[in-house]
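Student: Residues per chain are reported as follows:
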Amino acid sequence: MFDIASGDYGFVNGCLGMYQRFANSIGASKLNVCYDQATGHGTDRVIGGGVWLWGSEPMTLLDAKKIIIWGSNPVYSTPQNWRIIKEAQRKGAKVIDIDVIYSATANKSDEFIPIVPGSDLMLALAMTNYIIGHNLINVPFMKARTTAPFLVRKDNGKMLRKSDFDSQTDPKEDDFYVWDSVANQPVLLKSGPKDVAIEGTYNVKGLDVETVFTLLKNHVKQYTVEKASELTKIPVEKIEYLARTYADSPTMVYTNYGIDHYQNGHLWAFAALVMASLTGNIGVKGAGFVGNYVMYMPLNYKGAFYTNGKAATSKIPQTIFHQVVKDQALAGKPYPIKAMLTFCSNSMSNMGQQNVWFTDILPNLDFHVVIDFELTDTARYADIVLPAAFWMEVDDLRVSYNNPYMMMQEKAIEPLYESKPPVEIFGMIARKMGLEKFFPQGVDDTYWVKMMLDTDALRKMNVTYDRLKAEKAVRVQGTSEKPYIRGEKYFLTKSAGRAQLYAENPLPRVNYGQDLSQITKKERLPYFKAPGEAWRDNPLFKKYPLVYIQEHSRYRVHSQWFNTPMLRELDPEPLAKISRKDAESRNIKTGDIVEVFNDRGRAVLKAEINDAMSPGVLSIPKGWQREQFIKGCYQELTSATSDPMAVNFAYFDCLVDVRKV
Amino acid sequence: MRYAMAIDLDRCTGCHACTVACKVENNLPNLIWWNRIITVGGESPDTPKGNFPDLKMEFLPINCQHCENPPCTAVCPVNATYKREDGIVVQDYDKCIGCRLCITACPYSGVRQFNAKKPEYAIEVAMGDDGVAPHKEKVVEKCTFCAHRLAKGLEPACIRTCQNLARFFGDIDDPQSEVSKAIKGRRYVKLLDHKGTKPAVFYLT
Ligand code: SF4
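Chains as they are written, first to last, in this note's numbering: chain A, 1 to 661; chain B, 662 to 866.
If you are wondering where the hints come from, they were derived from the structure by calculation, not from laboratory data. Quantities reported herein were computed from a predicted structural model and do not represent experimental measurements. You can take every hint at face value.
What follows is a list of derived Cβ distance ranges for each label pair:
1. B:ASP854 <-> A:LYS489: 49 to 59 Å
2. A:ALA331 <-> B:VAL701: 50 to 60 Å
3. A:THR245 <-> B:ASP854: 34 to 44 Å
Heads up, simulated SDA-like pairs for lysine to any residue below, C-alpha to C-alpha not over 20 Å straight-line:
4. A:LYS91 <-> B:GLN824
5. B:LYS779 <-> A:PRO565
6. A:LYS302 <-> A:ASP454
7. B:LYS842 <-> A:GLU87
8. A:LYS589 <-> B:GLU704
9. A:LYS542 <-> A:PRO615
10. A:LYS529 <-> A:HIS219
11. B:LYS797 <-> B:GLU781
12. A:LYS91 <-> B:THR866
13. A:LYS227 <-> A:HIS134
14. A:LYS420 <-> A:LEU386
15. A:LYS233 <-> B:ASP715
16. A:LYS589 <-> B:LYS710
One-sided and incomplete, this derived list gives chain B residues near chain A with beta-carbon spacing under 7 Å:
17. THR674
18. HIS677
19. PHE713
20. PRO714
21. LEU716
22. MET718
No residue lacks a Cβ here, since even glycine has one placed at the ideal position from N, Cα and C.
Excised from the complex, chain A in its bound form (with noise of 0.2 Å):
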């Protein structure tokens, strides 16, 4: 089993990179990574792109009139994005941060509007009721650009097509129906009518049908902003401010992962991107999604990795890895694993309830390996630990989250003392496989680095080698003048390159066996999910009053940089950040020594009373390792349940409660 995340991006020497050809080479599987898949999984449903590519290039805030921050801390997470919004800022936009506690991005916002944790989905469900109530929608942009016109069928709640009347429809011919509502009858989308209608209920052919708009108008009316005002805690004329505030476009949403971190967090995004197409606040100058942008780059894949025509699978999610290792079996049929090998991950740190680790995955494991850079609490409690070269020891090619440039790494200094480039680490194992041909010997990064490159599609952006060598960073997205706004020309959907305001048919994230007839039909349009844990209705929140969150700190990227000395004479220790109301109820002070504890496990640490927490929110920021802890660590009180649709850990789905020891 190999056992990847996102510890170093790089083509070769990264989690992109040769790993893969080594471990296609021997058919090794590989987990499903379950961080921050939700956001993605909800966006997808709107306007595809998989679970990466909704963010537009951060340069785009600057056209923005309002910037809406959600969720999302980025002074301290993407600060690279920061001085956007606050350049943004300082040239007129408006900037209102929603979120549970009073970041420093609060700080620096115009304005600042709490929220309970986990109730965001339900106020943009409650937003866009009001929008759609008060006429506040883009019907030109609907028409255009949204799946508002297309017609659903009442009998089987699938999207009307050519196909459904005529079944000898080359599939790759097939068309949606629409109602023209100058000729008042249904036509196929591609005949091109004068005017289509978004409202409406009809009957083709005998079929009865209403329009996508129509059921999501009637579905959303539920949701109003009374109720969300009781569930979020954000006053009525508060909600419906901020409903014709976003209305008025263009509005950006600035969000990354901290909504996500919530059983319901793939719903809020289907809701937040449904809200945006309403309002034709996506794919526009100056609207749309920002906080994670990626670029899909054609390198050479194929010719790298598939060195037998496979790739290794990933069906096991993360989430349920302890269980398949405990069980030595996945869905009832038997899935040996035996053997680990853990790279560009510190996964017993990142993954939710940690002690999983003790009880289940590493009693099982027979053997497990770890190649890594820091000594993560993954690697200490490994067999065999095999040391990386830092990045800067490295010749690599790399791009980056939230910036357009493809940049060459060049490396700094040779690597130090028993270190190696992962791909010679890689190539050296391979080889004693027998596995020459793959690896050939004597090779070295820059070998790689011509490989990946070795492409048509990238010569044909003059993105080659020597440019590389020789500019170090080349924009292969957008220009300066021109940032890239994603969904600009179209949206990668199937539904005509519109933004979907219904999906037709909500697919899980990854298809592990799991149970989803309760829940297929409902997920075809955005709903009202309560948390699974961290929720006032939930009977366990009696004994553990306190929703516990993780935040991003400032002087860490997850667990990296965990034991940078510089670093850590600024931040030395592990923190239990507690509101004041809270800690004087249980009567602990700046400094006392605590134990944050729940069913699944505990933390002893110093407890820190900080008025940025919401009275009812405890925050541990992540990424410390166990040795920092006095006893326990802050992942073992998180939770591997996951919702079954987005199949992602919800770190902040968590309830606990903290005492004096």
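Given chain A, work out where chain B with the ligand should sit, using these hints.
Tutor: Here is chain B with the ligand on its own, set in the frame of chain A:
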């Protein structure tokens, strides 16, 4: 010709990039920081003051203010600290006897730091620029406005590192300098101005 620095408090997010850049450039020993970020707010760093959600917080980067009227130079019995013509207040480790009178005299607590013991470092190789004077035991040290970089025509290390473009530097007598342009038309404060120290650091508000 007088060197000055401007820090835009609206832009500063307290990220500490400048403090780390300073520490690396000048190979500062463990626990020594010539440039620090103070949180004006709650009792702990990075915490606000007030009642949720009506809260306030501000970040204040502080390094030697390179005052026009430096109280520190006046009290030094051995002339180890003195003002150069270009405005920089320098500290000569060879002359310093470690009496720490300057630390007492300086109203900006913490900008002058004392190496009580033999300097220790987190890693075994020296970092930063080799033009930096080696650190010594039992002497006072502080921000030099990166005089070794200025000599090469470069700006202090903290300036370009600021990812929020909050820091500016240059000759305040030259209206075309970056610092003069940054201050122009802006309101600013100088720390403890009433003490008559006339600091060379402008805090843009
Ligand atoms: S680098 Fe800039 S934003 Fe960061 S703390 Fe220093 S002055 Fe402030």
